[in-house]
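J.: Go ahead and model the full structure; you've got the sequences and the hints to work with.
Each chain, written out:
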Amino acid sequence: MSNKLIIKNLECFREERTIFQRLSCEIESNQTMLVRGKNGSGKTSFLRLVAGYLKNYNGKVLFNDNDLQQNNEPLTDFRFIGQKNSLKDNLTVRKNIEMWQLIYHTKKDINKIVDLLDIRMLLNKDINTLSDGQKKRVSLSRLLISKAKVWLLDEPLVYLDLNKVKLLQDIILQHNDAGGITLYTSNTNIDLNYDHLINMDDYAIL
Amino acid sequence: MPFYNLIIRDLKLAFFSSTNFLFAASFLILILILVPFVFGTNVGSFSILFTGFIWISIALSILLTLDRVFNSDYEDGNLDTIILTQQSLELIVCSKFISHWIANCIPIIIVIPIAGLLFEVGIQDILNIILNVSLGSPGMVFIGSAISALTLGSKRAGIYKTIIIVPLYIPFIIFGSNQESGLVLLGLSMTAFVFSLFTSIYSLRLYAE
Amino acid sequence: MSKKVKKRLITILLSSLVLIIATLLITMNLKDNIIYFYSPTELQGASIDKKNIIRVGGLVKEDSYEYNDKTKIYSFIITDNSNDVDVEFVGIMPNLFAENKGVVVEGLAIDKKKITAIKVLAKHDENYMPPEVIDALKKEGQWQEK
Amino acid sequence: MHLKLPNKIIDSLRRMLPAFIVATIVTFTVGIYYAILNSPPDYLQGDSMRIMYVHVPAAWLALSSYSFLALSCIAWFIFRNPIFNLFAKSIAPIGATFTLIALVTGSIWGKPTWGTWWAWDARLTSMLILFFLYIAYIMTWQTITNKDLAAKISAALGIIGFINIPIIKFSVDWWNTLHQPATISKLSAPSIHISMLTPLMLMTFAYVLFLITLFLIRYKIEILDQKILRVSS
Numbered sequence: 000m001s002n003k004l005i006i007k008n009l010e011c012f013r014e015e016r017t018i019f020q021r022l023s024c025e026i027e028s029n030q031t032m033l034v035r036g037k038n039g040s041g042k043t044s045f046l047r048l049v050a051g052y053l054k055n056y057n058g059k060v061l062f063n064d065n066d067l068q069q070n071n072e073p074l075t076d077f078r079f080i081g082q083k084n085s086l087k088d089n090l091t092v093r094k095n096i097e098m099w100q101l102i103y104h105t106k107k108d109i110n111k112i113v114d115l116l117d118i119r120m121l122l123n124k125d126i127n128t129l130s131d132g133q134k135k136r137v138s139l140s141r142l143l144i145s146k147a148k149v150w151l152l153d154e155p156l157v158y159l160d161l162n163k164v165k166l167l168q169d170i171i172l173q174h175n176d177a178g179g180i181t182l183y184t185s186n187t188n189i190d191l192n193y194d195h196l197i198n199m200d201d202y203a204i205l
Numbered sequence: 000m001p002f003y004n005l006i007i008r009d010l011k012l013a014f015f016s017s018t019n020f021l022f023a024a025s026f027l028i029l030i031l032i033l034v035p036f037v038f039g040t041n042v043g044s045f046s047i048l049f050t051g052f053i054w055i056s057i058a059l060s061i062l063l064t065l066d067r068v069f070n071s072d073y074e075d076g077n078l079d080t081i082i083l084t085q086q087s088l089e090l091i092v093c094s095k096f097i098s099h100w101i102a103n104c105i106p107i108i109i110v111i112p113i114a115g116l117l118f119e120v121g122i123q124d125i126l127n128i129i130l131n132v133s134l135g136s137p138g139m140v141f142i143g144s145a146i147s148a149l150t151l152g153s154k155r156a157g158i159y160k161t162i163i164i165v166p167l168y169i170p171f172i173i174f175g176s177n178q179e180s181g182l183v184l185l186g187l188s189m190t191a192f193v194f195s196l197f198t199s200i201y202s203l204r205l206y207a208e
Numbered sequence: 000m001s002k003k004v005k006k007r008l009i010t011i012l013l014s015s016l017v018l019i020i021a022t023l024l025i026t027m028n029l030k031d032n033i034i035y036f037y038s039p040t041e042l043q044g045a046s047i048d049k050k051n052i053i054r055v056g057g058l059v060k061e062d063s064y065e066y067n068d069k070t071k072i073y074s075f076i077i078t079d080n081s082n083d084v085d086v087e088f089v090g091i092m093p094n095l096f097a098e099n100k101g102v103v104v105e106g107l108a109i110d111k112k113k114i115t116a117i118k119v120l121a122k123h124d125e126n127y128m129p130p131e132v133i134d135a136l137k138k139e140g141q142w143q144e145k
Numbered sequence: 000m001h002l003k004l005p006n007k008i009i010d011s012l013r014r015m016l017p018a019f020i021v022a023t024i025v026t027f028t029v030g031i032y033y034a035i036l037n038s039p040p041d042y043l044q045g046d047s048m049r050i051m052y053v054h055v056p057a058a059w060l061a062l063s064s065y066s067f068l069a070l071s072c073i074a075w076f077i078f079r080n081p082i083f084n085l086f087a088k089s090i091a092p093i094g095a096t097f098t099l100i101a102l103v104t105g106s107i108w109g110k111p112t113w114g115t116w117w118a119w120d121a122r123l124t125s126m127l128i129l130f131f132l133y134i135a136y137i138m139t140w141q142t143i144t145n146k147d148l149a150a151k152i153s154a155a156l157g158i159i160g161f162i163n164i165p166i167i168k169f170s171v172d173w174w175n176t177l178h179q180p181a182t183i184s185k186l187s188a189p190s191i192h193i194s195m196l197t198p199l200m201l202m203t204f205a206y207v208l209f210l211i212t213l214f215l216i217r218y219k220i221e222i223l224d225q226k227i228l229r230v231s232s
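Here the protein sequences come in this chain order: A, B, C and D. Quick note on numbering that gives the first Met the number 0: the first sequence kicks off at 0 and runs consecutively. Quick note on numbering that gives the first Met the number 0: the second sequence kicks off at 0 and runs consecutively. Quick note on numbering that gives the first Met the number 0: the third sequence kicks off at 0 and runs consecutively. Quick note on numbering that gives the first Met the number 0: the fourth sequence kicks off at 0 and runs consecutively.
Simulated from the structure, these hints should not be mistaken for laboratory data. Predicted, not measured: the structure shown is a model, and the values here were computed from it. Keep in mind that a hint or two might mislead.
Here are the simulated lysine-lysine pairs, DSS-like style, with alpha carbons at most 25 Å apart [claimed, not checked]:
| no. | chain 1 | residue 1 | chain 2 | residue 2 |
| --- | --- | --- | --- | --- |
| 1 | D | Lys168 | C | Lys100 |
| 2 | A | Lys59 | C | Lys2 |
| 3 | D | Lys110 | C | Lys60 |
| 4 | C | Lys100 | D | Lys110 |
| 5 | A | Lys106 | B | Lys11 |
| 6 | B | Lys11 | A | Lys124 |
Interface residues of chain A toward chain B, partial, derived using beta-carbon atoms under 8 Å [stated by the list, open to error]:
| no. | residue |
| --- | --- |
| 7 | Asn84 |
| 8 | Ser85 |
| 9 | Leu90 |
| 10 | Tyr103 |
Calculated Cβ distances over 12 Å to all of chain C for the following chain B residues [said to hold, decoys possible]:
| no. | residue |
| --- | --- |
| 11 | Ser16 |
| 12 | Ser17 |
| 13 | Leu29 |
| 14 | Leu33 |
| 15 | Gly76 |
| 16 | Ile101 |
| 17 | Pro112 |
| 18 | Leu117 |
| 19 | Leu126 |
| 20 | Ile129 |
| 21 | Thr161 |
| 22 | Ile162 |
| 23 | Leu167 |
| 24 | Ala207 |
We put the beta carbon where it would ideally sit given N, CA and C, even for glycine.
T.: Structure below.
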């Protein structure tokens, strides 16, 4: 299984303002792309555009030769993990994962996932008793609940300490080995391995 | 089917939350328990008031839990997740409508016959009220959900919602208290459905940006 | 592209169909809910629920206004010149209540010819005249009491 | 698309703002003198009918303001020029105030005349709805965070609410209402005497001047608001 994401001459608008322009890049199976940039340079906007949330843009986003603006079917194979953690505060971790299973329409066994992200002992705790780093890991478990081709991670490293970053690195490698593509934004000094680098400052209009 | 899964998810969330099914039903019961203390026990026209109280408790139970339809999912980011897994916003919006109606109106409809018998309302009248409520309350849910979709992310949405929604509920309540206007209520609900569907889809699309 | 257009077309057709059916349902079954009060003639044709409060409006018939000192009951007749309705009322009459003037009463119908009023409202007409002018008009015979 | 005409009119009007303020004060003084001191009482209602001099012009202008608001909204949908939104945004609070004046004075007049402060008849209810429409319009701009969505929703609201205007106007003719039919529109019958018509017309004139003055001030504020927004974003 091989996938290919091509981005051609992208120009993005929000509320009649241009965020960035002239952005082109290509990324294939088994590759990771790091999106760098200052605050407000449009990193998040770029990821959200690829995920299909932002529809107000010029240029093309092609996934396996499908124009995503014309045909949004392939988008169901995308996973977007934003900065909001998608957790219900009053529920336990286990219940939260069950809710996601309903959204993603799978009944996959969660035991493996829990071990991969090292959250087994948190399963029966309420979300509002967790630390930010723990919440982040629980939030990332959405990646493993169901299979996807493209992962779009917005600031996944925030709140994670070094050995947890390694966990995430392994998970991403596994995903890429299976033919997946990963795009992530980061503003920290620690980085995961990457094959492509985009610096949003080169395209942003401030 | 992903569509049913979304409904089940919303119902589970409703059940786990503090304002769950019991909340809606207890609302009506609470109002009805307080009535005799307010008006005295010798009021002969209880059956007239009864219909009114049911509509008021339906309106309140929908209004007070509106945040659960789109807002809470929008705030914590789940709305993004849901939008990406479903191809059409129509299905998402419809599933929200249905689950909110089940969570807030069905409990009241179930309580109506019991409460009605306690207040010595005739069985024919009770059946009429149930019919009217079943036809009218979906429309109220649609309108409430659509307006809350419009105001996603706004901190001042509370008063705005009430001031827009309550006038829109007036036709439902007027026709609801009239016993033979079930079909008018059905018509109102259908109109509300079309407009609410488009408003919700449009604003979800914009707020997803 | 054509797939999108097709989808849009179906949505528009379906929603207009639903709207048409809804409008039909509403207009066919709409009863007179917007009417604030019935005239005596309309009351004869209306179906009245004896438990529900209704309103009847018209002119106070000439020489029909009476007050019973013992029972403290006001009684008068509302007319629209073709049908009459008897009204009985206990309470405070509005200042502008007078024979040959408009009135709206709110109360329970005993039958289609008789109402026990809970509230009496004077209905004002659209004429504004200084008193002297009214006197002059009356002298000339141009002023017609309705 | 550049719309020169509305801009031109507004600009020349804005230069005349001080004149409008003076004219408003003068006409109001004369109008109130006639309304309170130099006009006869009604043969039936006595002095309470003087409330009409405040009530009727307020109600008229509440309706015309809304029509202006709705027309601006329609114009916005056609031309997509933000100036029409500024028009509508400027007139909305003024219209709401006039509606409130009409409702309150009507209520004060209703108590001695009808014997009740309020009745849910078609005229009064539709007027209350008008008030809510104004409030809803204002709040839409304040509440909806996405400005693009706010513009569309408020314009749609303004246009849909336009249906209410003929309903208010003709409610007294279409249905049985407690409120009396219009006094002025009937040209044939002697509905109002000339000695009462003069102060009414004076007051209406004063109200119109007042409306224009307020509108110009509000419009200025809206423009400044826009500039601040543009600078801060």
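J.: Now look at each hint and say whether the structure bears it out.
T.: Checked hints:
For the given pair, Lys168 (chain D) sits about 24 Å from Lys100 (chain C) by alpha-carbon distance, which is consistent with the 25 Å threshold. Straight-line distance between C-alpha atoms of Lys59 (chain A) and Lys2 (chain C) comes to about 19 Å, which keeps the hinted pair within the 25 Å bound. With a CA separation close to 23 Å, the supplied pair Lys110 (chain D) and Lys60 (chain C) stays within the 25 Å bound. As the CA atoms of Lys100 (chain C) and Lys110 (chain D) are separated by approximately 17 Å, the hinted pair is consistent with the 25 Å bound.
Taking the CA atoms of Lys106 (chain A) and Lys11 (chain B), the gap is about 16 Å. The hint holds against a cut of 25 Å. Proximity of Lys11 (chain B) to Lys124 (chain A) is assessed by CA-CA distance (about 18 Å); at most 25 Å being required, the pair is judged to hold. Residue-level restraint check for Asn84 (chain A) holds (minimum Cβ-Cβ distance to chain B is 6 Å; threshold 8 Å). The beta carbon of Ser85 (chain A) comes within 4 Å of a beta carbon in chain B, closer than 8 Å, and the hint placing it at the interface holds.
The beta carbon of Leu90 (chain A) comes within 6 Å of a beta carbon in chain B, closer than 8 Å, and the hint placing it at the interface holds. Satisfaction of the interface hint for Tyr103 (chain A) is found here, the shortest Cβ-Cβ separation to chain B being roughly 6 Å, below the 8 Å cut-off. With 12 Å as the threshold on Cβ separation, the claim that Ser16 (chain B) sits away from chain C holds: the shortest Cβ distance comes to roughly 32 Å. For Ser17 (chain B), the requirement that its beta carbon stay farther than 12 Å from each beta carbon of chain C is met, with the minimum near 36 Å.
In this structure Leu29 (chain B) is separated from chain C by more than 12 Å, as the shortest Cβ-Cβ distance comes to about 25 Å. No beta-carbon of chain C comes within 12 Å of the beta-carbon of Leu33 (chain B); the shortest separation is about 22 Å. No beta-carbon of chain C comes within 12 Å of the beta-carbon of Gly76 (chain B); the shortest separation is about 28 Å. Its beta-carbon lying about 21 Å from the closest one in chain C, Ile101 (chain B) satisfies the requirement of being farther than 12 Å from that chain.
Taking the minimum C-beta to C-beta distance to chain C, about 21 Å, the non-interface status of Pro112 (chain B) holds against the 12 Å cut. With a closest Cβ-Cβ approach of about 19 Å to chain C, Leu117 (chain B) is found to remain outside the 12 Å limit, as its non-interface label requires. No Cβ of chain C comes within 12 Å of the Cβ of Leu126 (chain B); the nearest lies about 17 Å off, and the non-interface call holds. Even its closest Cβ contact with chain C, about 18 Å, leaves Ile129 (chain B) beyond 12 Å, as expected for a residue assigned away from the interface.
Distance to chain C confirms Thr161 (chain B) as a non-interface residue, since its nearest Cβ pair spans about 24 Å, more than 12 Å. The beta carbon of Ile162 (chain B) sits about 23 Å from the closest Cβ of chain C, which is more than 12 Å, so the claim that it is off the interface holds. Its beta-carbon lying about 15 Å from the closest one in chain C, Leu167 (chain B) satisfies the requirement of being farther than 12 Å from that chain. The Cβ of Ala207 (chain B) sits about 18 Å from the closest Cβ of chain C, beyond the 12 Å cut-off, so the non-interface label holds.
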